[in-house]
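In this note's numbering, the protein residues as written are 5 to 360.
Warning: the hint list may mix true and false statements.
[What the hints assert, rightly or not] Restricting the straight-line Cα-Cα distance to at most 25 Å, the calculated cross-link-like pairs of lysine to any residue (SDA-like) are:
(1) Lys240 x Leu171
(2) Lys240 x Glu229
(3) Lys128 x Ser284
(4) Lys110 x Leu171
(5) Lys240 x Met108
(6) Lys160 x Gly203
(7) Lys128 x Gln330
(8) Lys327 x Ser357
(9) Lys128 x Glu329
(10) Lys240 x Asp225
(11) Lys240 x Pro228
(12) Lys327 x Thr302
(13) Lys160 x Ser284
(14) Lys327 x Asp129
(15) Lys327 x Ser284
(16) Lys240 x Leu353
(17) Lys240 x Ile261
(18) Lys110 x Phe80
(19) Lys128 x Glu335
(20) Lys160 x Asp225
(21) Lys160 x Glu102
(22) Lys110 x Asp84
(23) Lys240 x Thr302
These aren't lab readings, by the way, just hints derived from the structure by calculation.
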Amino acid sequence: MTADPKHNPERNPAVLIEVTRGPIVESWHHGVIAVCDPDGNLLAWAGNPGVVTYYRSASKPIQAIPLVESGGAEHFGLTDTEVAIICGSHDGTPEQVEVVQSIMAKIGLGPDALACGAHIPYGKDAARALQERGEAPNVFHNNCSGKHAGMLALAKFHGWPVGGYELPRHPVQIAMLDVVAQFAGISPDEVAVGVDGCGVGTFAVSVQQMATSFARLGQPDFWPEPRRSAVARVTKAMTANPVMVSGEHNFDTDAMIAAGSSLISKAGAEGVACVAQLASANRPAIGLALKLLDGDRTSRARNPSVTEGLRQAGMLDEDALNKLEQYWLEEVRNRPGDVVGVLRPAFTLSAGSPEG
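Given only the sequences and the hints, what does the whole structure look like? Please build it.
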């Protein structure tokens, strides 16, 4: 994909979060938010919605579509819990590890087939328990192992080579690129492809296109069959099994629980978040995408940014917002544990198109 000056992050940056300490604002997090409908219309925005960035793990629910749409998930007898973890970035808890192991058993492959590598579980309790047992983490503890198991299932179902499934020209990765492009509403050659932390491709589109893709994920009847049913199953799996998508005490999980099955939420590394308010009889789906331009490596600014974005976009009712209050203002504490400041939203979404 060729660089375009309109995608320059420095064009019209927005302050999404202010960080206070005592009586003054000490720091700022700049970012971009886009809110779109399934047709790609920009409903609301902050910053430059044309900024191009990687989905990172936020694309996982879309990347699960080829497996479900092809009939592969049904062929292997995958449960909704297993489909949910394919869409997720899990904490490496024993329960989550067992679900990934179940997928691998159903497709007849062992841990050596997984190319994601190993890391210490994201979940603090899971990491502590592993350490206390004197065990090293394995590939199943990798937060992306569910996605990788899903990719291997896709390869097995189609009879594609299992080895090298993570490589850019493997049919699995071509299928991933194609489906991401279709949901974003662009051609595959317009998608920039990098390598994610787990060794497979990660896809870059504009923040507006990310929001569009999640709106299309929330609107099954945007698509003809068999994709319509695949989209419905993926979103149902996620809302029914939010802990498999992320983990306990995590924004994605708590937002889906608070919204009562009307919302799907998936964060990505480097300050990315994508959310869809699912279509109902009274309204079409709405997609929201967010990128913090500094990467938000400590993850301190994403939760208040996305919570406030959902509030302003009308994607959460008052009851759900009250349940997510802990995420709306993040406290700044010193080492003795005193609250010395807050991270607070500092933006107002604009309506319509920036060119309008």
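Quick rundown of the hints versus the structure:
1. Using a Cα cut-off of 25 Å, the hinted pair Lys240 and Leu171 is violated, with the two alpha carbons roughly 30 Å apart.
2. Straight-line distance between C-alpha atoms of Lys240 and Glu229 comes to about 17 Å, which keeps the hinted pair within the 25 Å bound.
3. A C-alpha spacing of about 37 Å is found between Lys128 and Ser284, which places the hinted pair above 25 Å, so the restraint is violated.
4. Restraint check for Lys110 and Leu171: satisfied, since their Cα atoms lie roughly 23 Å apart, inside the 25 Å limit.
5. With a C-alpha separation of about 22 Å, the suggested pair Lys240 and Met108 falls inside the 25 Å cut-off, and the hint holds.
6. At roughly 19 Å between alpha-carbon atoms, Lys160 and Gly203 fall within 25 Å of each other, so this suggested pair holds.
7. Of the supplied pair hints, the one linking Lys128 and Gln330 holds, its CA atoms being roughly 19 Å apart against a limit of 25 Å.
8. For a cut-off of 25 Å, the pair hint linking Lys327 to Ser357 is broken: about 32 Å separates their Cα positions.
9. With a C-alpha separation of about 23 Å, the suggested pair Lys128 and Glu329 falls inside the 25 Å cut-off, and the hint holds.
10. A threshold of 25 Å between alpha carbons decides the hint, and for Lys240 with Asp225 the separation of about 14 Å falls inside it, so the pair holds.
11. A hinted pair counts as satisfied when its Cα atoms are at most 25 Å apart, and Lys240 with Pro228 qualifies at roughly 18 Å.
12. Restraint check: the Cα-Cα separation between Lys327 and Thr302 comes to about 23 Å, which is no more than 25 Å; the hinted pair holds.
13. Under the criterion of a C-alpha separation no larger than 25 Å, the hint pairing Lys160 with Ser284 is inconsistent with the structure, at around 35 Å.
14. Distance check on the hinted pair: Lys327 and Asp129 sit about 24 Å apart at the alpha-carbon level, within 25 Å; holds.
15. The straight-line distance between the Cα atoms of Lys327 and Ser284 is roughly 22 Å, inside the 25 Å bound, and the hint therefore holds.
16. Proposed proximity of Lys240 and Leu353 is contradicted: the alpha carbons are some 29 Å apart, above 25 Å.
17. A C-alpha spacing of about 13 Å is found between Lys240 and Ile261, which places the hinted pair at or below 25 Å, so the restraint holds.
18. Between Lys110 and Phe80 the CA atoms are separated by roughly 6 Å; this keeps the pair inside 25 Å, and the hint holds.
19. Pair hint Lys128 plus Glu335 holds up; C-alpha atoms about 20 Å apart against a cutoff of 25 Å.
20. Only pairs whose Cα atoms come within 25 Å are accepted, and Lys160 paired with Asp225 is rejected, the gap being roughly 29 Å.
21. With a C-alpha separation of about 20 Å, the suggested pairing of Lys160 with Glu102 holds against the 25 Å cut-off.
22. Distance hint between Lys110 and Asp84 is fulfilled; the C-alpha atoms sit about 14 Å from each other, no more than 25 Å.
23. Pair hint Lys240 plus Thr302 does not hold up; C-alpha atoms about 31 Å apart against a cutoff of 25 Å.
Figure legend: structure checked against the earlier numbered hints; hints not met, in rising order: 1, 3, 8, 13, 16, 20 and 23.
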